[in-house]
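2 protein chains.
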Amino acid sequence: MKYAIVGTGAIGGFYGAMLANAGEEVHFLLNRDYAFVKEEGLHITSEIFGDIHLKKVHAYQRAVDMPACDVVLVCLKTTDNSDLLPSLLQPLLHADAVVILMQNGLGMEADVAAMFPDTGIAGATALISVNKVGPGQMHHLDYGDIEIGNFNIRDTRIIDQVVAAFDKTGLIAKKAADLVTLRWKKLVWNITFNGMSVVLNTTADKLLADAATYNLSKAIMTEVIHGANACGAALPESLVYDMLQFTIAMRPYAPSMKVDYDNKRPMEVKYIYEHPVAMARAAGYYMSKVDMLLQQLLFLSKY
Amino acid sequence: MKYAIVGTGAIGGFYGAMLANAGEEVHFLLNRDYAFVKEEGLHITSEIFGDIHLKKVHAYQRAVDMPACDVVLVCLKTTDNSDLLPSLLQPLLHADAVVILMQNGLGMEADVAAMFPDTGIAGATALISVNKVGPGQMHHLDYGDIEIGNFNIRDTRIIDQVVAAFDKTGLIAKKAADLVTLRWKKLVWNITFNGMSVVLNTTADKLLADAATYNLSKAIMTEVIHGANACGAALPESLVYDMLQFTIAMRPYAPSMKVDYDNKRPMEVKYIYEHPVAMARAAGYYMSKVDMLLQQLLFLSKY
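Residue numbers (the numbering used here), protein chains in the order written: chain A, 155 to 457; chain B, 155 to 457.
No lab work stands behind these hints: they were computed from the structure.
It should be emphasised that the depicted structure is a prediction, and the values quoted were computed from it without experimental measurement.
Check the hints yourself; a few may be wrong.
Heads up, the list lumps identical chains together, so a pair's fine if it works in one copy or across two of them.
As the list claims (entries may be wrong) - Below 20 Å or equal to it, Euclidean Cα-Cα: the simulated DMTMM-like pairs (lysine to aspartate or glutamate) are: (1) K418 / D364; (2) K456 / D359; (3) K424 / D234; (4) K456 / D364; (5) K418 / D237; (6) K424 / D364; (7) K156 / E178; (8) K360 / D296; (9) K156 / D205; (10) K424 / D250.
Okay, chain A solo, but in the shape it has when bound (with noise of 0.2 Å):
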């Protein structure tokens, strides 16, 4: 199986680097750092698998010189998905090829099969702390599990044989029963981490050592947990504390809106609050604060 990477950032660099080790044949998209990649290839410092160096990469500056692959893992902000991803993921598709969006938020896969009506489409979500620390460089911190959710994808038997090669390499990779489950399970930290940490110019961790916010964070994830219910996803309430002991456990890490912020980037904005919210009130469920959030990172992303 070929594997295509579009976007090395943390994500793709660290997943496509963890395929490429374990033998799986990946080619990777890059933008800025491609002359650096080509030349250096690509380092992952890990503080759990220790340090891997890819030294010869399948590097491309342009989608249109990949060759035609059988899994394209989409592994760009989703802020890229209506401008950018159509003319990348175009030359890239062959009849069979099933693309899968390792990305937050919810209703990318309906917006990319809308784009793209004959590929099959899957979700993924990566539970991981890793940053870019330099071109080709990702720094990986802890975790790294990975859950693939169907969308419309007709025979699913190429979903088992990614968990597969995933599962190779060394990292615990699942089929998620349940797509619109496995998008909301990971919006109930997203949503809740990375709006509170923008507004309030904050970490996670600090957010959980205050009691004020400490108990709002706790009310957010409920709503959303609501918002799930309401929209189909099995959710329990008791994942509000199963997150909050994960994320105490945590060691400090920016969530990735933070880090946009912070550096002037767009934020996910769209996909990790507009959509749930506009999902979970036409299923009939108003998520109140959540809605206060998406309003307040609306007006700071405009200062």
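With the hints as your guide, set chain B onto chain A.
Positioned in the frame of chain A, the structure of chain B alone reads:
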């Protein structure tokens, strides 16, 4: 009638000077500005009333040196109510003195009444844009209407006398039919624009110039009106539109909580947020967005 001004900041300095300028006997309690005001008097530069220079001021540095007064106008920030106010009021109160709390928030009158059970208490709201710009110097930008609502004064004719005294100054003064309604009406503005300007580091005019925060402001105001209604305050939902129009017409003005936060002074979170949220909740209505703003402010108050 003898008036005492407890707390000669922007509000106390302005209203006290207006009363003295209209011929009332006003005794000012000062702190850091005492020596300056004793020497130089009080200066009001008003864009409505022109300049007022009160050369001879009854200025005091300690409450025990002040004469017994008939009307004590408390113009301190509510953050001083529990620790500082009791010791300041104690020496000022003769048997028939009344205390009028010119402060923002909900529940101050009950707390002060608990400290001084034999004293008649009222509350007042001032709709005004005024800043202290130097020792004894206040710059009055706009507005100035004042409303006084009774809490537990037995003979309320004294409120009529105070209203008449304020009327002589050129300001519009009114006796409010109901203190609870008066307090909540002011909170519709204060809860919305104080907290939002702190959390989003901005001003009311910018909040209303942006579609996201315009809608969020409307939603928060509506929530406060529902909270007020639950507590028995007869505020109509149309008040949202009146306040939006009023705020859009206002000159840019930093809400007092924003000024306090920027100057690292304590914010009036207890009476402007905690009490209203708790009282509405006790009355059966949960102000979800206001509670979120409260938790965000509590977090920021520690950083």
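Structure-based check of all given hints:
| no. | hint | result |
| --- | --- | --- |
| 1 | K418 / D364 | between (27 Å within a copy, 19 Å between copies) |
| 2 | K456 / D359 | between (27 Å within a copy, 15 Å between copies) |
| 3 | K424 / D234 | within (11 Å within a copy, 44 Å between copies) |
| 4 | K456 / D364 | between (28 Å within a copy, 9 Å between copies) |
| 5 | K418 / D237 | within (19 Å within a copy, 44 Å between copies) |
| 6 | K424 / D364 | between (29 Å within a copy, 17 Å between copies) |
| 7 | K156 / E178 | within (7 Å within a copy, 89 Å between copies) |
| 8 | K360 / D296 | within (19 Å within a copy, 41 Å between copies) |
| 9 | K156 / D205 | neither (24 Å within a copy, 80 Å between copies) |
| 10 | K424 / D250 | neither (30 Å within a copy, 62 Å between copies) |
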